[in-house]
Amino acid sequence: MRSEIKKLLLVSFGIFLTFFISTAGYMFLEDYNFLDALYMTVITLATVGFSEVKPLSPEGRIFTIFVIFGGLTIFLYFLGVFTALLVEGEIVNYFKGVKMKKIILGLENHYIVVGYGRTGENLVESFVNKNLPFVLIEKDPIVIDKFISKYHSKVLSVLGDATDDQILIEAGIKSASTIIPVLSSDADNLFTTMSAKILNPNVKVVTRINDSSNYNKLKKAGASNILSPYEITAERMFSLATEANILTFLDLTEGYHNTKELTIAKIAVTDVSDLIGKTLAHAEIPKKTGLIVIGIARSDSLILNPISHTVIEKNDKFLVIGYVKQIKNLEKLCS
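FYI, our numbering numbers position 60 of the sequence shown as 60, with every residue one higher than the one before it.
Honestly, the hints are just simulated from the structure, not real lab data. Cβ coordinates follow ideal geometry from the N, Cα and C atoms, glycine included. It is possible that part of the hints are untrue.
Here are the computed distance ranges between Cβ atoms for each label pair [as the list claims (entries may be wrong)]:
(1) S175 / N122: 38 to 48 Å
(2) I169 / K7: 23 to 33 Å
(3) P201 / V42: 52 to 62 Å
(4) I43 / L76: 10 to 20 Å
(5) I169 / Y77: 29 to 39 Å
(6) S175 / L72: 42 to 52 Å
(7) L105 / R61: 33 to 43 Å
Full structure from sequences and hints, please.
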């Protein structure tokens, strides 16, 4: 697509260059002023058959022959490329891409998913279901076409290699809150992490590893959370087989129509929150948001099932269970 658009732009430049050379040629050969020379160029290239501004010299006639053949050749080639792009929908897609870039530039605190493999596809599904702002980076045009055809205008994407800084910038890395590289290669995830942290030192990086020996490399590169799909699967299977835990609870909620978006979140109390100094009873979080407070993370300790007269302190982190909209309401209360 990009090569065809570049070809169209190159041919357009060729038309402009033909106008420029023709106009300058008439001014030099026939001593026309600029307006007369431009008029002569237009009627020559348009082949409308209007009379000349003044009789041409032999040199001017030879020059006009070259202008006609050269101009018509370039114009017909332009018409062919333009028609092909129009029929294939590439021009529409190009302007959609321009519009998408503007939307991405306006995003703040969004998520970036790198790679649309099996893990990436499931991540995207979760972001779409929970209506969270995100941008997908994928270098395979066939895969990204599949992504766009599935979600249409609901989602934002960038075609390119995430190890390229420019692609990360196009995805809005400088204003993103989190980037999630889930590429098949640990090396690609490492390079993407390094590039992301250089462009935005504050961005949170959640990534995956296939080989546990690469854990320290990704940690040194700045990854906040590094997950092994094989270890996670094994741990979860073990937990489900041997004990009841929070994962079991979430599994038990599956199948009910109103639990699809049910999630667990950790929300921090900022320095300026009005909740600081209030008790849980006074804060009325369940009443105001509909969330269930299951714990408070404070320094290095975790208060599970906090009692009503627990006083909320600065930098406390609420562990809550509920829906995305309810969690956003709590974020407002905590900020």
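Problem set entry | Hints that the structure is at odds with (numbers, increasing) | 1 and 7
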